[in-house]
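Student: Single-letter residue listing:
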Amino acid sequence: MTAADAMFLALAATAVIGAAGVAFSRHILYSALSLMVALFGVAGLFVTLSADFVAGVQVLIYVGGVLVITLFAVMLTQGIQNVEVSNRAVGSVAAGLLTAGLFVVLLRAMSSAQWVKPPADVPTQTSTYGIGNALLGQYVLPFEVASLVLLAVLVGAVVLTRKETAE
Amino acid sequence: MEYLLTSMTFLPLLGALVVLALPRDNATLVRWTSLVATVPSLLLGLWLFENFDRSVGTMQFVERYSWIPAFNVQYIMGVDGLSVSMLLLTVLLSPLCVLASFGIEKGVKGYFALFLLLETGMLGVFAALDFFLFFIFWELMLLPMYFLIGIWGGPRREYAAIKFFLYTLIGSVLMLVAMLALYFANTPHTFDMLVLMERAPTYARGFQAWAWIALFIGFAIKIPAFPFHTWLPDAHVEAPTAISVILAGVLLKMGTYGILRVCYPIFPLATQQYAFWALAALGCWNIVYGALCAMAQKDMKSLVAYSSISHMGYVMLGMATLTPQGMNGAVLQMFNHGTVTAMLFLLVGVIYDRAHHRNIDGFGGLASVMPVYTGFVTIAFFAALGLPGLSAFISEVLVLLGTWQYSQPLAITAASAVVLTAGYMLWMLQRVWLGPVNEKYVALPDLSWREIVTLAPLAVIVIVLGVYPHAVLDLFGPTLVALGDTVSSAAPVVAQAALR
Amino acid sequence: MSMTTVGLAHYLVVSVVLLCLGLYCVLTRRNAIGVLMGIELILNSAGINFVAVSRYGSAGFDGQVFAVFIIMLAAAESAIGLAVVLGIYRRMRAIDTSRLTTLQG
Amino acid sequence: MQAIRWIVLLPLIGAAINLTLGSRIQRSAGRAAVAVFGSGMALASFAIAVTGFMRLRTLEPESRLLVDTVLPWLHVGTLDISIAFQLDPLSAVMALVVSGVGSLIHIYSYGYMDEDPALWRFFGLLNLFLFAMLTLVLGDNILVMFVGWEGVGLCSWALIGFWYKDHANTAAANKAFLFNRIGDFAFLCGMMLLFWTLSGLGHATLVFRELGAVAPLLEGQLLWGVPVVTLVTLALFIGATGKSAQIPLYVWLPDAMAGPTPVSALIHAATMVTAGVYMVSRLHCLFSMAPVTLDVIAVTGAATALMAATIALTQNDIKKVLAYSTVSQLGYMFVALGCGAYAAGVFHLVTHAFFKACLFLGAGSVIHACHHEQDMRRMGGLRTKMPLTFWTFLISTMAIAGLPPLAGFFSKDEILWKAFQREPLLWGVGLVTAGLTAFYMFRQVFLVFFGESRAGASVEAHADHSAAGAHDDHHGHHAHEVHESAAAITLPLVLLAIGALTAGWLGIPSALGGSNLFTEWLAPVFAAGGEHHAEAHEGLELEYALMAVSVLVALGGITLAYLVYLRKSLSADTFSRIARGVPYRLSFNKYYVDEIYYGTVLAGTLALSRALGWFDKVVIDGVVNGAAASVRAVAFLGGGIDKFVVDGLVNFTAHVFDSAGGALRLVQTGNINAYVYVLLIGVTAVLMAGAW
Amino acid sequence: MDLSNADSLAYHVPELVLAGGSIVVLLLDLFTRLKARLGEVALLVVATSVLAVGFGAGADQGYLFNRMVALDSFALFFKLLLGFAALGAIWMSTGSRELDGEHPGEYYSILLASTVGMFYMASATNLLTAYLALEFVSLTSYILAGFLRHRARGAEASLKYLIYGGVASGAMLYGFSLLYALTGTLDFIELGHRLSTVAAVPGNGAILFIAVVLSLAGIGYKIAMVPFHQWSPDVYEGAPLPITAFLAVGSKAAGMALLIRFFYPALSSPAGDGTWIALHGVGWPALMSVVAMATMTVGNLTALRQQNVKRLLAYSSIAHAGYMLMGFVVLSDAGLRAILFYTVVYYLMNLGAFAVLLLVVNQTGREDIEAFRGLAWRGGAPAAIAMLIFLFSLAGLPPFAGFIGKAYLFAAVIEQKMWLLAFVAAANSVVGLYYYARVARAMFLDQPLAGDPEIAVDLSNGLLIGMLLAGTLVFGLWWTPIVNFADRSLVFFGN
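Chains as they are written, first to last, in the working numbering: chain V, 1 to 167; chain C, 1 to 500; chain X, 1 to 105; chain D, 1 to 692; chain W, 1 to 495.
Where hints are given, some of them may not hold.
Pairwise CB distance ranges, derived in the manner of DEER restraints [what the hints assert, rightly or not]:
#	chain 1	residue 1	chain 2	residue 2	range
1	D	G599	C	H356	37 to 45 Å
2	D	A663	W	Q447	31 to 39 Å
3	W	F423	C	P492	42 to 50 Å
4	C	P492	W	G274	25 to 33 Å
5	W	L459	C	N26	45 to 53 Å
6	V	L97	W	T480	49 to 57 Å
7	D	A607	C	K440	52 to 60 Å
8	V	V63	W	L459	41 to 49 Å
9	D	R580	C	H356	57 to 65 Å
10	W	F423	C	D53	41 to 49 Å
11	C	N26	W	F423	47 to 55 Å
12	C	D353	D	T605	54 to 62 Å
13	C	S55	D	E219	17 to 25 Å
14	W	F31	C	A70	26 to 34 Å
Calculated pairs, BS3-like style, for lysine-lysine (alpha carbon to alpha carbon, straight line, at most 30 Å) [stated by the list, open to error]:
#	chain 1	residue 1	chain 2	residue 2
15	C	K440	D	K165
16	C	K106	C	K440
17	C	K298	D	K165
18	C	K298	C	K106
FYI, nobody ran anything at the bench for these hints, they're computed from the structure. Virtual Cβ for every residue (Gly too), placed ideally from N, Cα, C.
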């Protein structure tokens, strides 16, 4: 087992344990914290895949942005008022069976699959440079569209959360 | 008369538009306008009756225009003897029904507009020679019918209307499927019935079989053949008088017309194959079953409705025989049933207008209260029970004669219905019109002039056709002979796929 | 798949686990925020796949770019989701999905 | 020959005018106008028939046939039928009888129906009846005959139920029509079989004059292993039993007496009921080829004659006695036909028309005078009060009893003679019947015309109700004095009595020195049928002996009646107590045939009808719509059936669909987790189905 | 024609107009007093965009922005349709009482943005663009569905929509990732080329199937096909009515476009005679035909019992998705043509039904069937007749356009002799009629009760209804223009 393997295993374990925490935790705050663990784990996995830029984005946007908003929301809705702290789980057996079934199906199918092979000689580029190039070159349209999406979402989020003062 | 059929078909629609444009509060104007709107078609119908070449069985007065070239849908109208007789029936009954509807008070504009729309639909069905066009006209009748029953009907009108609607639609979708299958069975794809008929010998047996059955179910629901008939009593009981008349007088004929127009010439082989069970045996069963059910009814309209089921059985039976007598009898029966049942429903409507119920046991002795009315009743009832000298006798005896050649047991069974029919007709006559006068109804007024005018033409037709049936028989004789030959001589395709 | 070297398959397994845990979370959570967290897990699992394939399969950056978009859209989705949840909470003082059933049938 | 059609059409015109405008005419121009017009049409018709008859007489016997084609009627395929009338010796005789007797009865009706407000309708219907009957008689093919055949049924229905306000009358009318229809049904079947067999042989025809020529072709044709001609004739004969009131379809005739008496005389004695006899004679060419059928006819006729006579013995209603007597006499005619003696049958038909019409009209006269009393036990002693009626009635009674030299003697005797030649047993039955006839007819005469008046006497509780009070309006007039009827009534009586006296002389057999004009006149018609009319001279003594026997038997019957009802030296009770009264009760209750019919056929049909009606409403509506009974049960258990039927879910399918829709709605819980469940279950299920 | 970024811009005017319009509307709201006129501005924007689309018709076809999106007749067709859907929705919004005073700037801005997203859905030729466009539409739809914040149902609808959409698009994303893992490409066409070799490898069948099914989840949820349909009734009911109409017509059409664009080039190949051959080893046509049958059946059956007309129309639109899928599974040009045809008539009649509903909701404040009781007898006869025609057109009765649409779909199915599908669809047509007739019955057969308000038809709504009605009637009798248009629009890349 190489160091890379060990690294992979550790990070994968982090991600999975974090995810399990999200899924099984009884308290919504613990779930949120577990999510952070999982997201860090995934970011680490990205690093092992030489996707530094993606990992960075993951940490910045997810852990820095999403998670903070999430925690904020949790606090707003539960922590402060203490109305309902639990993160109630219902029908766990059925859900477990269903997801386990799906898991088995997916794994079985994957085990026999033949994945795409890399082309013979690949010029390696640094991730950040390459992605930057791609985003502003080939993928400029999605990139621009994404900005429109974010604008719309921003506006929408504002509308949705704005207090009804007018009425 | 280049646009004869088109004008005949669409003039009532024009009338409907005019009616819609009239002021809402002037009911009288609406009524008379509607009556006038049905007249041009009647006149054109009579002109057609006079000028139709009776010596040939081919299509006449054909109009053909391209409609949707991309789908090869054409606008083709044309008539042969079969269509002419049905068109004639429709244009005859329509003014009478408008006249009979003068008593309608609620939503007058809507009623007459829908009625005129319905007339266009009916005429279109009988004149269309493109299957797609045929189908559109066929469906066009659904909506007005639904509302005419549903809005102006009796207490359970909503139930009856939706039942009618759903039943008919079931038939329609099956017809649609078969129609499209037929379209693709031909190269180039076409809905032109004349072409479809020409190509009839090229359709494979299996294809003919299921398409025939699908179409047959569609038509059988309209006839209505057992066991698709249960919408009929409900629809009739609830419908307003004039609509019952149209329903029994014209709409039921569409089922048998459709079989003769579509199933027979386009699927002759399947017709041969299924004529016995689907048409003859079922028709025979219809006759007896309808008569027995009629006997058990307590409502006059429902009795007449079941009698319709019984009488339409003759049509099915007759056409199944493929003999000249049977087929002529069947089509003549279609015509005669149209007039006779129209009379019956009008007559029931007369008493319903006055007494507001139709319970057979709730009357008695009307003969002395309303003698003129009773006179018409007697003519209609005896016509319905097939008294010689009146029109229905001719058609029934022709059907029976044809059937005898085809299958003696069926003929005997069918003939036995003459006793049953007499039974329920006389029984009703006795309980409603004869016997001691019911004190409640001593003061009922006899027929008004308007009612006499609606009934008298029918009575005259009933009597005249009893004595001189060839006035109508000659119209479709050659057509039916040709049709019978087509079916009788059909032979299976040898090693040739009909569907490409 | 051999255990000697980490390959595409390993990452795929991790992503499948994450996917299933995410789905489980969505199925069982009654807290709307919890459900949203489950969705994040699902999106992450897909992201792992794209990046892993980008590394092992094709040499381009398609996969990584895709992953960036996923992260971006996930953030947008969270933003709206949390906004809606807050709106609901403000009105109903609860964000339990089992109580959000006025629309049904 | 254009005139023949007018024999038929004049009454039709009369009917059309009287039935449509009659009530106005009656109101504005008076009752007489209606009556005169109606009777005039009948008389005119009779007059034309007479000229036609004269015209026939001028022709050679073999070419005595006049055809009048009015209109092509039905020409479809091999079927080619015209509306056409033919006058030949047979139809001429019938036409004369029908229009002649009919005219008299028209006249009589004016007197009889003097109180009825709907005289116009009565005359209209009588005219219509004449039209139908003449169509039947003169029609030149079976289908035209069938028009008349059913037409008389219609008129019979309308006239029996003439006083339609009484429920019993209309019931009797319906019964008559329905029993006739049963016969018509058989007639129709026979006609179709005949037509198609001939059509198959290349000679599709239903025209009488052509049938004679093509009938021999039927020889050897089989259907279901039976000779076609036998089937045809049997079916036609069943038709005849309906119309001519033979076993098993005779039961309508006695009830038909509910109609006004002129109707009974015209339709139910003289004309319509003889249609069967006429039809068989008309188609003798077929019947002669079917010995089995002839046997059936003879046996049926004999049985009917005897049975009806036994029933007539005990009836108290004056018209019922005559009705059963008619049935019985018709039986005689059929015996004759069954023996191949068509001419004899028709001869009896003619004589019977006179004396039975006279009897009915006489009875009508009595009823009229007694203010519509029909129970003979409340009459008596009318001989002096109504002499004209009495004498005509007596003459006719003697005629029917077969006393020489009245009409009945010759015709009945000829039948008995033919029967004896065919089968002595038939003769025996005929003889017994003759005796019974003499007895009950004279019983009637004695009860009605002799003795003391019993008007107002109470009658036993079990008196026959069906015809007792035909006419409620006239109760309460009993106190009036009985007197002779008006001229309009007595004139026809007298004329008919003359007929009853003399009509027989047309057919005095050669054995009695006559020339049997009647048989000779009909000979060209029946020649084709191969009737033997070579008189057996060696059997002359036998013939005399048989005549004597029958006259003696008749006298015996008369004597017995005299002893029982006039001298009262014998009590009627003695007879009714024979064998514990079983024969009496059987006879009095008409062998319970009505009850049996009602209990089996009618009740069965009605039950079937109700069952099917129910079936249609419940099962077909359910099954057709694709839902099995289980669904209904579920719906019922769910308490939903009411809502379901009432509230208008279209049908059971709708219910099924609706339940499915309801179930699907339950899936739509509103819980988002559950939605995701469904999504995932869907995906997983598809994956499992696809991946493995 | 395969254009780079800069060159593409010239062919990108409609999207640019919409996107610009979206921002302009927002700015106008912020900086001017045009609040009451913003609807008209938005209309103008969409109309300009539609015109721009129209001007592009018949011009060059090709890929834009390095094969991110396609510029072909197919895209053009859907852009026009979606533009019209947006026009309709905006028109309805301007006349909607429930939207009065509800932040019109944001509302129209997001609506326009959503339209842009739909345009991209219709033209995407790359997994990334497809995902982005889909999410774009989803995100904006979540906002729009919950736009009426004072209404609890709106927020609930929005949340459900969001969660459901999140899971569905997550599943789709996972499916995309598997496809990427199998082929190494994101381009539809390239995907199609590579998949045919990938599918030939033994052992790949299962994972390919999984990838297809998971991908289907995201697209399927957009068109509300079973079993991805459950969000739609709730969302349709909770959303503002014009948005419901927009989702029912626009979102569904865009989803349909994406579905075809994805499945046809990527998962099947043209056979040359107007039919297509499905990718070997992945039985998606069979799967989809089951899905189609299930979709129409579930939609129709559930609709039977609905009391809320909006919800009823939601289920009806599920059923109609099922009908449209019939054209999808037959794998023939005739089927595709039928779908295109149907989207047009569906647009006309469904939007029409919503427009009448809006009229009733505006004046009664209710959206259940009872609100329609006796509509014809209380002043609303024209509206009732219009509704009737729309409904019966939806039911597929001649002589309305809906029948022709259905006839084309049936024809496509029957041409391929898929009898079971035809039969199920036929049966469904009958069931469908029943619930449409329920509304018709309420309007005409039932009598109004005391207290039911009079319904008047105002000019704005009347005009919209009138135009849609004219289309429904005219195309029911003379549909050559649409069929020709649909025929010409069958050109898309990979074809």
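Student: Compare the structure with each hint and give your call.
Tutor: Evaluated hints:
{"no.": "1", "hint": "G599/D to H356/C: 37 to 45 Å", "verdict": "38 Å, holds"}
{"no.": "2", "hint": "A663/D to Q447/W: 31 to 39 Å", "verdict": "33 Å, holds"}
{"no.": "3", "hint": "F423/W to P492/C: 42 to 50 Å", "verdict": "26 Å, violated"}
{"no.": "4", "hint": "P492/C to G274/W: 25 to 33 Å", "verdict": "31 Å, holds"}
{"no.": "5", "hint": "L459/W to N26/C: 45 to 53 Å", "verdict": "28 Å, violated"}
{"no.": "6", "hint": "L97/V to T480/W: 49 to 57 Å", "verdict": "56 Å, holds"}
{"no.": "7", "hint": "A607/D to K440/C: 52 to 60 Å", "verdict": "31 Å, violated"}
{"no.": "8", "hint": "V63/V to L459/W: 41 to 49 Å", "verdict": "55 Å, violated"}
{"no.": "9", "hint": "R580/D to H356/C: 57 to 65 Å", "verdict": "58 Å, holds"}
{"no.": "10", "hint": "F423/W to D53/C: 41 to 49 Å", "verdict": "43 Å, holds"}
{"no.": "11", "hint": "N26/C to F423/W: 47 to 55 Å", "verdict": "50 Å, holds"}
{"no.": "12", "hint": "D353/C to T605/D: 54 to 62 Å", "verdict": "33 Å, violated"}
{"no.": "13", "hint": "S55/C to E219/D: 17 to 25 Å", "verdict": "40 Å, violated"}
{"no.": "14", "hint": "F31/W to A70/C: 26 to 34 Å", "verdict": "51 Å, violated"}
{"no.": "15", "hint": "K440/C to K165/D", "verdict": "15 Å, holds"}
{"no.": "16", "hint": "K106/C to K440/C", "verdict": "27 Å, holds"}
{"no.": "17", "hint": "K298/C to K165/D", "verdict": "21 Å, holds"}
{"no.": "18", "hint": "K298/C to K106/C", "verdict": "28 Å, holds"}
In summary, the numbered hints that this structure violates are 3, 5, 7, 8, 12, 13, 14.
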